[in-house]
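This is what each chain is made of:
Number of protein chains: 2
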Amino acid sequence: MANEATTTALQPQRTIAELKELRALTGDTNGAQRVCWTDTWIRARSWMRDKLAALPVEVTVDEAGNQWATLRGASERTLLIGGHIDSVPNGGWLDGALNVVAGLEVLRRIAGAGTPPVTVRLVDWADEEGARFGRSLFGSSAAAGTLNPDAVRTLTDRDGLALPQVLAEHGVELDRAGEAGAQLRNAAAYLELHIEQGPVLESMGLPLGVVLGTYGVERHAIRFTGQSAHAGSTPMDRRRDAFGAAAKLGLEIREIAKRHGGVCTVGSVVTKPGIVTAVVGECDLTLDQRHLHADALAAMLAEAKQASERFAQDENVEVSWQRIWQIEPILFNPELIELADAAVRATSGTIHRLPSGPLHDAAEVSRSGIPTVMLFVQSLRGLSHAKEEDTTEEHMQMAVQALDRLATETMHWITQRQ
Amino acid sequence: MANEATTTALQPQRTIAELKELRALTGDTNGAQRVCWTDTWIRARSWMRDKLAALPVEVTVDEAGNQWATLRGASERTLLIGGHIDSVPNGGWLDGALNVVAGLEVLRRIAGAGTPPVTVRLVDWADEEGARFGRSLFGSSAAAGTLNPDAVRTLTDRDGLALPQVLAEHGVELDRAGEAGAQLRNAAAYLELHIEQGPVLESMGLPLGVVLGTYGVERHAIRFTGQSAHAGSTPMDRRRDAFGAAAKLGLEIREIAKRHGGVCTVGSVVTKPGIVTAVVGECDLTLDQRHLHADALAAMLAEAKQASERFAQDENVEVSWQRIWQIEPILFNPELIELADAAVRATSGTIHRLPSGPLHDAAEVSRSGIPTVMLFVQSLRGLSHAKEEDTTEEHMQMAVQALDRLATETMHWITQRQ
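Going down the list, the sequences are from chains Z and H. Add 61 to the 1-based position in the first sequence for my numbering, that's all there is to it. Add 61 to the 1-based position in the second sequence for my numbering, that's all there is to it.
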């Protein structure tokens with residue numbers, strides 16, 4: 062009995078120890094190196110399989126390369142807990158890995174308690190980051206049915222290797238990746254813990270937050286075309302200054318974001334001819350706009366377009382817009398949000414709900430129709446995708462506890478819905 | 062007598078015909094190709110020497126590679142008329158060439174009228190453009206004593222050839238280039254005609270203008286350093302947006318310029334990391350400020366610095382400034398400006414005085430202490446340093462006439478001052 066008690070108790074400090082093990086195995090002085098479809102990623106997955114071997118679970122890999130550990134329960138209805146062990150190059154030790162390693166601990170605790178009321182599966186999604194080929198959420202979008210093989214078939218890495226060839230080397234046939242959708246057949250809920258990757262929880266002094274959903278994104282390339290002219294011989298009132306219009310728009314999109322409670326970012330500005338002695342004749346900028354609500358996102362886009370036209374007229378320049386990418390906002394399940402609130406409150410005493418700016422595998426699962434929610438744990442200094450990425454050990458332990466509580470309550474919830 | 066009358070009359074239309082000859086000889090479909098220290102430039106100079114061979118002048122080349130045509134007068138006191146036959150690559154047909162070819166016509170007219178009261182010299186300055194090695198005003202600064210050989214010794218062209226070696230191939234020994242200063246010994250006045258290279262005269266409907274001097278220039282590299290952060294996860298009020306500060310400064314320098322009557326230009330903006338999904342962590346921009354009066358230029362610089370610090374504080378970013386280059390304003394001779402006014406009025410009926418934004422060889426001559434003035438002729442659409450550079454034939458003819466009138470009056474002025 063003493064042994065069984067030890068086995069069934071959640072040990073959040075073990076998650077931290079295991080994350081450090083993984084870091085030593087798959088990181089270097091520049092950070093995490095678990096880029097998907099590389100040897101280091103294979104090593105990380107093999108390490109995870111070794112951990113899972115001690116549990117009464119079946120480990121499989123699906124047609125999209127996602128790795129599943131299945132703990133059979135009294136019902137076929139399934140609770141999914143997800144994450145991704147892949148990282149960006151020179152990445153952080155927690156982004157993605159915390160999710161699956163915390164999920165491992167929760168799976169261990171549930172397995173130690175005997176046959177659960179529902180089946181529980183831990184999934185390590187393949188290529189969440191898209192670091193090598195530029196297409197993120199590969200495995201989860203394949204499972205969710207939103208991956209179009211033709212849209213990624215010609216992607217190549219820096220060495221010119223084609224995505225289908227590299228996938229094949231890892232046992233994944235691109236045109237069959239969608240068959241991973243079968244894995245979601247009995248899924249009744251999906252949970253994902255992730256570091257926040259932003260500064261909100263830290264600025265509020267909170268360890269944990271409940272994620273309302275992922276922002277919709279409108280991403281555009283904007284070009285202002287004026288007239289390059291000599292910086293010395295062209296009076297101010299005779300200029301057609303493309304940068305003047307770009308600067309005005311760069312400031313205005315911040316007001317638009319504040320007005321609507323979303324975020325707008327000019328991340329790249331390129332000036333041509335781009336020399337010290339010439340008025341800017343052409344200015345390209347990128348605009349990334351995000352909001353949790355589709356109507357607000359549409360309004361932010363419309364206002365930015367109107368502003369750009371007004372500034373173009375002010376400056377006697379032309380403006381053109383080209384859409385780079387868009388995705389609708391994805392709202393998580395309201396009942397699971399309530400359960401997550403309760404789990405966070407029981408763990409840390411306070412609750413806070415916030416949207417997720419970055420996309421996550423959870424968004425793909427959610428839009429496939431499976432009730433989904435995420436937990437965020439505080440990121441120090443809001444840093445991610447960098448070796449400086451970190452979270453306090455106290456907060457990581459609380460995150461594992463909250464995920465465990467949420468898993469337990471979600472199993473009950475699934476049972477009640479049956 | 063009929064013959065002599067033909068010889069002595071000024072023929073401005075001949076200047077246009079000769080410029081077209083030169084264009085056919087040294088240009089291609091991309092524009093003028095008379096880059097200094099190249100075979101095409103040698104061809105242009107040889108063409109000019111052929112023209113000069115018909116005149117009673119002595120042609121010499123000085124230690125800096127400047128080519129002189131000397132018409133001996135009754136006095137050793139000398140009127141200089143200058144220009145440059147070199148061009149930028151893919152340049153315009155008039156920038157520099159109009160000056161010397163119009164000067165040729167004026168020299169012809171003066172020579173045809175018999176021995177002038179003062180010596181008259183036409184100078185074709187070497188490497189005004191600095192197109193191959195990046196150092197403009199080579200020949201005129203050597204003559205003016207402001208060229209430091211050590212500052213240019215290590216300059217190389219695109220093929221890695223060193224300036225001293227290329228100069229040597231053209232008979233110029235870098236360390237002796239300053240000996241060209243002897244050429245200015247008896248100079249009593251310097252005149253230069255140039256296309257405006259800007260839009261002012263065209264916008265006012267004027268063919269000609271009198272140049273008050275060349276702008277002083279303050280040229281700086283400015284860096285705003287904030288914090289790169291995820292465009293999705295970083296709320297607007299938590300950002301340290303380097304581009305926000307840069308955009309504010311880009312707009313403010315235009316107000317500063319208007320307040321002082323100078324020009325300020327942000328010509329280059331570089332954002333880092335410069336990707337669509339990240340708040341700009343670092344933004345480099347160039348600032349070029351010009352004014353005809355040193356105190357106003359200093360005020361424009363001080364105000365831009367103060368503004369940059371204010372904006373850095375607003376945005377919670379750092380700012381640093383690095384001077385790239387500066388030159389003081391150079392004011393032309395007030396008496397010669399009056400003579401030039403009279404010549405322009407006699408030719409076109411109207412006068413207008415304006416500063417020169419671009420630098421010219423005249424600035425170097427002026428700061429060596431020789432009374433100097435320039436005439437500008439209207440540029441179509443303000444374009445220069447491009448094959449589209451042009452001026453109407455009517456205006457070019459008026460420019461030759463005005464230069465001739467100014468040369469005549471300046472010879473009188475020199476005589477009176479002796």
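Hints may be right or wrong, so weigh each one.
Any copy will do: because identical chains look the same in the list, a pair fits if it lies in one copy or spans two.
[What the hints assert, rightly or not] Here are the simulated DSBU-like cross-link-like pairs (lysine-lysine), alpha carbons at most 35 Å apart as the crow flies: (1) Lys-81 / Lys-333; (2) Lys-81 / Lys-319; (3) Lys-366 / Lys-333; (4) Lys-81 / Lys-448; (5) Lys-81 / Lys-366; (6) Lys-333 / Lys-112; (7) Lys-319 / Lys-366; (8) Lys-112 / Lys-366; (9) Lys-112 / Lys-81; (10) Lys-319 / Lys-448; (11) Lys-319 / Lys-112; (12) Lys-112 / Lys-448; (13) Lys-333 / Lys-319.
Simulated from the structure, these hints should not be mistaken for lab results.
Do the hints match the structure? See the list:
1. For the identical chains of this complex, Lys-81 and Lys-333 are inter-copy neighbours only, at 31 Å across copies versus 47 Å inside a copy, given an alpha-carbon limit of 35 Å.
2. Taking identical chains as interchangeable, the C-alpha atoms of Lys-81 and Lys-319 are never at most 35 Å apart, the minima being 39 Å within one chain and 60 Å between chains.
3. In the homo-oligomer, the alpha carbons of Lys-366 and Lys-333 lie at most 35 Å apart both inside one protomer (22 Å) and across protomers (24 Å), since each shortest distance falls under that limit.
4. With identical chains, the CA atoms of Lys-81 and Lys-448 are at most 35 Å apart within one copy only, with a shortest distance of 13 Å there and 64 Å across copies.
5. Taking the shortest alpha-carbon separations for Lys-81 and Lys-366, neither the intra-copy value of 47 Å nor the inter-copy value of 48 Å comes in at or below 35 Å.
6. With identical chains, the CA atoms of Lys-333 and Lys-112 are never at most 35 Å apart, being 55 Å at best within one copy and 41 Å at best between copies.
7. In the homo-oligomer, the alpha carbons of Lys-319 and Lys-366 lie at most 35 Å apart both inside one protomer (16 Å) and across protomers (29 Å), since each shortest distance falls under that limit.
8. Taking identical chains as interchangeable, the C-alpha atoms of Lys-112 and Lys-366 are never at most 35 Å apart, the minima being 52 Å within one chain and 59 Å between chains.
9. Taking the shortest Cα distances, Lys-112 and Lys-81 sit within 35 Å of each other inside one copy (14 Å), while across copies they are farther apart (83 Å).
10. Taking the closest pair of Cα atoms, Lys-319 and Lys-448 come within 35 Å of each other only inside a single copy of the chain (31 Å); across copies the shortest separation is 47 Å, beyond that limit.
11. Taking the shortest Cα distances, Lys-319 and Lys-112 never come within 35 Å of each other, neither inside one copy (46 Å) nor across copies (70 Å).
12. For a Cα distance limit of 35 Å, the shortest separation of Lys-112 from Lys-448 inside one copy, 25 Å, qualifies, whereas the shortest one across copies, 71 Å, does not.
13. For the homomeric pair Lys-333 and Lys-319, the shortest alpha-carbon distances inside one copy (30 Å) and between copies (24 Å) are both at most 35 Å.
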